[in-house]
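One line per chain: the protein sequences are A and B, in this order. The opening residue of the first sequence carries number 99 in our numbering; numbering runs sequentially from there. The opening residue of the second sequence carries number 41 in our numbering; numbering runs sequentially from there.
Hint data in this document are derived by calculation from the structure and do not stem from the laboratory. Accuracy of the hints is not assured; some may be wrong.
What the hints assert, rightly or not - In silico SDA-like links for lysine to any residue, alpha-carbon gap of 20 Å or less: (1) B/203 - A/181; (2) A/286 - A/167; (3) B/203 - B/181; (4) B/106 - A/181; (5) B/203 - A/174; (6) A/174 - A/244; (7) B/203 - A/286; (8) A/257 - A/239; (9) A/145 - B/129; (10) A/145 - B/219; (11) B/203 - A/193; (12) B/203 - A/239; (13) B/106 - A/230; (14) B/106 - A/329.
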Amino acid sequence: MPENKPKFFADVDRRKFLEKGMSLGALTLLTGCDISDNDVVQSMFAKVSRWNTFVQGELFSDTRLAPEYPESMAVKNFRYNTWYHYDQSPVISGSDYRLELAGLIGDKRPWTVPQLYALPQKSQVTRHVCVEGWSMIGKWTGTPLSVFLNRVGADLTAKYVGFVCADGYYESIDMPTALHPQTIMAFKLSDEILPTEYGFPFKIRIPTKLGFKQPKFVTAIYVTNRNPGGFWVDRGYNWFSGI
Amino acid sequence: MKRAPHPSTHDIQEHPAIVRLAHWLQALAIIVMIGSGWRIYNSVPIFGDYRFPIWATLGGDPAESKIAHMDPGVSNALNWHFTGLWLLLASYLLFVAHGLLSGHFWRDLLPLRPRDILRDFIAAATGRLAHRLGEYNAVQRFAYWGVLFAVFMMFVTGLAIWKPVQLSWLTWLCGGYPAARVLHFIFMSAICLFMVVHVALVILVPKTMLAMVFGRASEPHHAGE
């Protein structure tokens with residue numbers, strides 16, 4: 099049987115291979131017309147993001163704790179990370195500062211820094227995970243947000259807790275996360291009063307969420323049933339962003 | 041994939057519609073996942089200062105994105121990634137469920153013996169390996185199991201990165217959060233390698249493409265085998 103020898107790789111017509119390879123390359127370039135910022139694509143993203151928020155809410159457990167590490171693993175020089183240069187950080191006077199309260203909260207009297215510092219505090223050595231992929235273990239000390247919300251008579255059946263910041267930032271989280279035992283108002287980083295560029299007088303430290311969900315320079319806390327969004331959330335990032 | 045019971049004169053390759061659908065959806069999803077994954081990687085590279093060229097990534101025009109999202113396309117890339125994820129999961133599960141239940145995997149991808157893989161690999165490397173429509177050699181079988189495993193590991197390492205608190209045991213199994221990112225990158229690389237070889241072989245034996253698009257391809261039977 100002479101005809102139809104098996105095909106060998108060595109028999110390949112190199113020119114044909116190259117031609118076909120190039121048309122495949124051209125196809126790839128065509129897909130280079132990136133449609134990411136198309137309106138239809140953006141509204142699809144918004145729908146999928148709501149689905150992802152639902153899935154993450156289901157995965158979240160109000161008793162499961164973020165892993166804690168030995169203190170020796172905590173980084174001393176924690177990474178500075180904001181959209182502006184650190185010398186533009188708002189400088190807040192500890193004596194003039196008042197934390198405003200609003201929304202579904204019983205006692206809306208503002209809080210001074212010494213009043214905040216007098217609250218019971220505890221420390222945690224946990225991993226901060228950034229949406230961009232870097233992560234760092236740090237030691238934070240402060241008051242559980244649940245203790246504070248209870249103290250001011252917040253409606254704990256409400257859906258959201260919102261934060262307003264001195265640098266124009268704003269964020270909001272779900273109530274179950276706000277009441278999670280490791281969600282704290284962090285007054286200290288690495289055993290020192292929170293430096294200006296890290297969010298003095300306090301940042302909300304949430305080891306169960308990505309870094310951008312943890313506002314610094316908080317000047318107002320409010321409780322609401324309407325989702326307030328957030329600085330990056332309103333620019334396309336997923337609202338829940340749990341880890 | 042099926043072979044005719046008595047292939048008298050032709051080798052035949054057939055893919056049922058469900059296999060073709062799952063194949064192309066996975067192909068699309070994997071391209072979306074890799075393109076967006078590379079854009080996300082670029083914002084904080086793992087390996088020194090190495091970044092993927094923007095044209096090869098998915099996430100929109102960086103300048104336009106700076107205005108709309110205040111970032112070079114990271115939020116778009118994340119949205120693609122967490123959209124493509126569901127498409128990949130659904131099509132992968134469909135493919136695997138069909139492969140296991142229909143017997144396709146057992147019939148066409150087994151047996152898989154290291155000695156055969158070595159033998160066929162050497163044959164392929166020296167240009168002496170024949171390709172018959174409708175039959176997978178040991179290297180192909182190994183590659184198909186390999187890519188199925190690599191995609192599975194992308195889900196595992198991806199979950200470890202996405203949920204290092206809620207699924208902390210998974211992140212621990214991956215060797216911790218930074219190690220999970222590296223593993224995610226390694227299995228991505230394995231899938232890229234598979235795709236390059238897979239596409240190159242389709243170019244060499246274009247009839248396999250006809251089978252995966254239209255469901256059936258045939259060619260005259262190879263004599264003397």
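TODO: Hints the structure violates: just list their numbers, smallest first.
DONE: As far as the earlier hints go, 1, 3, 5, 6, 7, 8, 10, 11 and 12 are violated by this structure, in ascending order.
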